[in-house]
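Colleague: Single-letter residue listing:
Protein chains: 2
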Amino acid sequence: MMTCILLLGGQSTRVNLDKPKQFLEINGKELFEYSLSTILSTNLFKNIVLAVESNYLEHVKNILEAKYKGKNISLVSGGNTRQKSVYNALSSIKDENVDYVFIHDAARPLASKEIFVSVANEVQNYPAISSFSKISDTICEKNDTDSIKDYLNREKIIKIETPQAFKFDIIFRAHEEYMKLKNFISTDDASLVKHMGVEVALIENKNFNFKVTTSSDIDLLKKILKN
Amino acid sequence: MMTCILLLGGQSTRVNLDKPKQFLEINGKELFEYSLSTILSTNLFKNIVLAVESNYLEHVKNILEAKYKGKNISLVSGGNTRQKSVYNALSSIKDENVDYVFIHDAARPLASKEIFVSVANEVQNYPAISSFSKISDTICEKNDTDSIKDYLNREKIIKIETPQAFKFDIIFRAHEEYMKLKNFISTDDASLVKHMGVEVALIENKNFNFKVTTSSDIDLLKKILKN
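Chains as they are written, first to last, in our numbering: chain B, 1 to 227; chain Z, 228 to 454.
Please note that the accuracy of each hint is not assured.
Claimed, not checked - Partial list, derived from the structure: chain B residues whose beta carbon lies under 10 Å from chain Z:
{"hint": "1", "residue": "K94"}
{"hint": "2", "residue": "D137"}
{"hint": "3", "residue": "K167"}
{"hint": "4", "residue": "N183"}
{"hint": "5", "residue": "T187"}
{"hint": "6", "residue": "K223"}
The hints are simulated quantities; they were obtained by calculation from the structure and are not laboratory data. Beta carbons are placed, not taken as given, at the ideal position from N, Cα and C, and that holds for glycine.
Produce the complete structure using the sequences and hints provided.
Modeller: Shown next, in the form of C-alpha cells:
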C-alpha cells in the first residue's frame with residue numbers, strides 16, 4: 001500500500017506576497033492544487049496526506065471540501081521546518097500499514113504524472129528513490145566575493161527533485177533518528193536516509209520540474225500554466 | 228567600443244529535429260532571433276558578430292537581409308567546436324579596436340535586456356564577467372550507477388550562463404593560448420580566462436535564462452514564448 005505526502009509548508013520568505021506561494025491562485029487553482037491534481041490522477045495512492053502550516057489548515061480544509069470531496073486526503077499540521085512537517089505526516093500514518101511513502105513538495109507544481117509513475121515502477125526495488133534532473137549549464141563554485149572559484153564536472157552533478165519515495169519503515173526511522181540531532185538541517189528526505197547509510201537510487205525526470213522559489217519563478221510559472 | 232558575439236553553433240544532437248534548434252521557428256521568429264533582438268534592443272553594441280555553422284550561413288544571411296537591414300551585423304563561419312567558433316568571431320574583429328566583447332549563446336533565447344545592461348554597467352571594472360543564476364534545488368554528485376554519491380553545499384554552487392563579457396585583449400589571448408592545447412574542452416569562455424589566472428567576476432541574473440538543450444526544453448520554450 002502506498003501513501004503520498006504533499007508538503008504545503010514554507011513561509012515563502014523569498015517572495016513578496018501576502019500569503020505563502022503554495023496558496024497563490026493561478027488560473028482558478030491554488031498552486032498546491034496543481035501537484036495535488038497530478039497525484040490524484042496517477043491513481044497510485046490509497047491516501048494522500050497534506051502537511052499544512054497550522055494557520056492555513058482551515059483554508060485547505062475548505063478547498064478540499066469544495067473541490068476534492070470523496071478523495072482520500074487527510075490533513076496534518078506542518079512543523080516549523082520541512083523536516084518536522086514530514087515527520088508529522090509520517091507519524092500520522094505510522095499505524096496504517098503503509099509499505100511505501102512518496103514525499104512531494106507542493107512548490108514543484110509541474111511534476112508530471114509520468115515521473116510519479118516512473119518512481120512507482122521502481123519503488124519495490126530500492127529502499128529509497130529520488131527523482132532528479134540533469135543540469136545543462138556549466139556549474140561553478142563561487143567565492144564569497146562573487147567571483148568564480150572552481151568549475152565543477154557537470155556530468156556528475158544533478159539536481160535532486162521530488163517526488164522521492166521510500167520504504168515506510170526506513171524513512172520513519174531516519175526521521176526519528178535525526179529528530180534527535182540538533183543543528184542538522186536537511187533540504188530533502190533522501191539525505192536523511194543517505195546519512196543512515198542507505199543507498200538512494202535515482203530516476204531521471206526529463207520534464208521541467210522546477211521549484212517555485214522567487215517572484216520571477218512565479219512569473220515564469222504563470223506563463224507556463226497559461227497554455 | 229563594445230561588440231557582441233552571438234553563437235549560433237551546435238549540431239543539436241540532443242534534439243530530434245531536421246535542423247539545429249537555433250533555426251527552429253517559434254511564433255514567426257527563429258530561435259536565434261530572440262537573443263539577436265534583445266541584443267539589438269540594448270543599443271549597447273557598435274556591432275554584432277554571428278558565428279554560424281557554414282551550412283547555414285546563406286540561410287542566416289537571407290534572414291538578416293529581409294528583417295535586419297541597416298543593423299551592423301556581420302557573419303563568420305563557426306568552427307567544429309564552440310571554442311573554435313568564438314575564436315573565429317574574435318579573429319574577425321581583432322583589428323577593429325574593440326575594448327570589450329560580449330559573448331552569448333543563441334541557445335539562451337530568454338536572456339533579458341536587463342542582464343546585458345547589468346553586465347555592461349560593470350564591464351570596465353573587471354577583465355572578465357559572467358552572468359550566473361542561483362540554484363534553488365538540492366545538488367548532488369551521482370555515482371555512475373545512478374545513485375546519490377554526495378550532497379553538495381548548494382549555497383556556493385551556481386549555474387554559469389551567458390552573456391559573458393571580457394576585455395578584448397584578454398579573451399583573445401586566452402583563446403590563442405588554448406587553441407594550442409589538445410584535449411582541452413571548455414563549455415564557456417570564462418573558463419579559458421580563469422585558466423590563465425584571471426579573476427572572473429559574477430553578476431546574478433534573476434530572470435529565467437535557460438539553455439535550450441533537449442526536446443522538452445523546446446516544448447517549454449514554446450509555452451513561455453506563446454505569451
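Colleague: Against this structure, judge whether each hint is valid.
Modeller: Now for the hints, and whether the structure bears them out:
At a threshold of 10 Å, the smallest CB-CB gap from K94(B) to chain Z is about 25 Å, leaving the interface hint violated. Given hint, D137(B) at the interface with chain Z, holds; its Cβ is 4 Å from that chain's nearest Cβ, closer than 10 Å. Taking 10 Å as the C-beta cut-off, the interface hint given for K167(B) is violated, the closest approach to chain Z being about 15 Å. Annotation: interface hint on N183(B) violated; nearest CB of chain Z at approximately 15 Å, more than 10 Å.
Interface restraint check for T187(B): the shortest CB-CB distance to chain Z comes to about 5 Å, inside 10 Å, so the restraint holds. Checking K223(B) against chain Z: minimum C-beta separation of about 5 Å stays under 10 Å; hint holds.
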